[in-house]
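Participant: Listed below, chain by chain, are the residues.
2 protein chains.
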Amino acid sequence: MSLKVVDEHFFEGPEKKLEIVFKSSMGLLSYDRAFWEELVSLASAQILSSIESENCQAYLLSESSLFVWDDRIMLITCGTTELIKAADFLISKFGKSSMSEIFFERKNEYQPTLQKSSALDDMKSLAANLDGECVRYGRQDDHHVYVFDKFFNESDSESKIKTLELLMYGLKGEFNDAFYFKNNKEELVLKNLREVFPGFKMDTFFFEPEGFSFNAIKDKQYATIHVTPQGSENYLSLEVDRVSREEGERIVEKMVSLLRPVSFDTMFFSPDDHEELNIFENTYLPKQICKSETASGYKVVYKHFYNQEMVRLEPVKI
Amino acid sequence: MSLKVVDEHFFEGPEKKLEIVFKSSMGLLSYDRAFWEELVSLASAQILSSIESENCQAYLLSESSLFVWDDRIMLITCGTTELIKAADFLISKFGKSSMSEIFFERKNEYQPTLQKSSALDDMKSLAANLDGECVRYGRQDDHHVYVFDKFFNESDSESKIKTLELLMYGLKGEFNDAFYFKNNKEELVLKNLREVFPGFKMDTFFFEPEGFSFNAIKDKQYATIHVTPQGSENYLSLEVDRVSREEGERIVEKMVSLLRPVSFDTMFFSPDDHEELNIFENTYLPKQICKSETASGYKVVYKHFYNQEMVRLEPVKI
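Chains as they are written, first to last, in our numbering: chain A, 6 to 323; chain W, 6 to 323.
I should point out that these hints are in silico values taken from the structure, not numbers from a laboratory. Be a bit skeptical, because a hint or two may be false.
You can't tell identical chains apart in this list, so a pair holds if it fits in one copy or across any two.
To be verified - Within a straight-line C-alpha distance of at most 27 Å, the following computed BS3-like cross-link-like pairs (lysine-lysine) qualify: (1) K322 to K121; (2) K165 to K322; (3) K121 to K90; (4) K101 to K304; (5) K101 to K322; (6) K28 to K187; (7) K196 to K121; (8) K190 to K129; (9) K259 to K121; (10) K98 to K206.
For reference, chain A alone in the conformation it holds in the complex (with noise of 0.2 Å):
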């Protein structure tokens, strides 16, 4: 469609993920870059920069990030990218029986009629070509997530681990502000984030005129920022792998403060059971939670938290 709002600065932040985890070693981390680079291009994204380590290789595109391990790939992209071209390309490209599993996610979109392909398309499209299970976490009149996930056989590498999806809507404050490029508050936006990420190598992006994206890596863990600050439309996303449910409600808590968000979603997943989320029982209530089961066992949380206070809006000009 080719629609545009009367509000220019309007960007669609929540995002969609993929991410594939191969039976054995690829040797990802030996394709050049020109290989990414292509990827990405055909969800309509680029690479910006990279970091890596000894095991990851984390890139920063202009729509959201790609981590790449030997055995794994993880492509998270917003805006009105298309990333099922992407999980297209990579099924064909190394075929279902190198893989362990294939995962996909997409968010519920402010504006999901601007988006290319609809959630259910996407989740239709793999459903034919995987023969994989789709469900949706969240009522559909309320915030909710798509996911597809498609078990395959078990992987050689590592035994599963926790990962941590927090996603932020209405945020407001002077940290809010921060990732506005002309405020140049670039020292602000990293010494908070030095805080809930110690240790780790990072790499940012302030896009002008507004917009912030954050890579991060320590050993084999990775975490990913991606803000759009602009408009009553906001939305920052986070996601880290390889933390406790209490280091989960930690990094939770200091996002949740740092920016004052009208409502937030989290989702943990945990290889062992089912682990809730139990945090700001005073500001913000839990309003809908879902459990489930991936059909390669991971138990997944989704809880979705609005703040208690009522919102008083103007009608938006549209």
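Knowing the structure of chain A, use the given hints to seat chain W on it.
Facilitator: Leaving out everything else, chain W in the frame of chain A:
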């Protein structure tokens, strides 16, 4: 788009609404039924039945309702109907110069990407055609309503009246089950609606296998209710004019008590002041409020309420 959710019982309850007030009587009550059949067919709906009073004709449609006065038309349609096409037809047929005001509204849909045109499409098209104003009440990532409004000239007809819209999401309990045809609970439904709207002439339709529509008129007053009872994305809308705020509160409290929705929105239109419905302060929390004024001077209060009890959901397979 040709997508189909695996849940084949999904039906998009949340409506589009068109209201045209003419500068003076157009003798619309003398138009024959074929004219109205043609009108609603443009939106892909059909007339099922009708009732009338001296001042008003009320048609029950396959997707919602049409009300006709000599100087006014109100057409409400749900599902994947294209109300914008009926709007274009009426504007072309009667001409802007005959009109006092055009009002077009779209509630946030459960599955906006399954619609034939997006709310933004419709708003853009009306704005281009009529040079009116489009606004959104409510956050884009939460419940919201799009409103287009164009005021041309004062109408000769009576002074403005108060109108209530009630939109309920996530219904449950015995009264919701009564909207399934097989449950044969017509009397339970009618008994309760007679209490809500005493003295009205009523027209009802129980759809098979489920769904319910209701038109009611009394003198110049109208009321209409539409229910999509099935699935987790079920929905009820109610609209009634010529009600005081206190009467509106009574109606909302009765309907909410019957159906215990997860959440509900109210819109209250008043010619005088912004009138805010204050209800259910212990059970339902007001989450967002938006006060606005139409070009013709109506004061509008949009308010969204959410049940404070956390919703525990199973993942929904799609």
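Participant: Which hints from the list above does the structure break, by number from lowest to highest?
Facilitator: Numbers 6, 7, 8, 9 and 10, in rising order.
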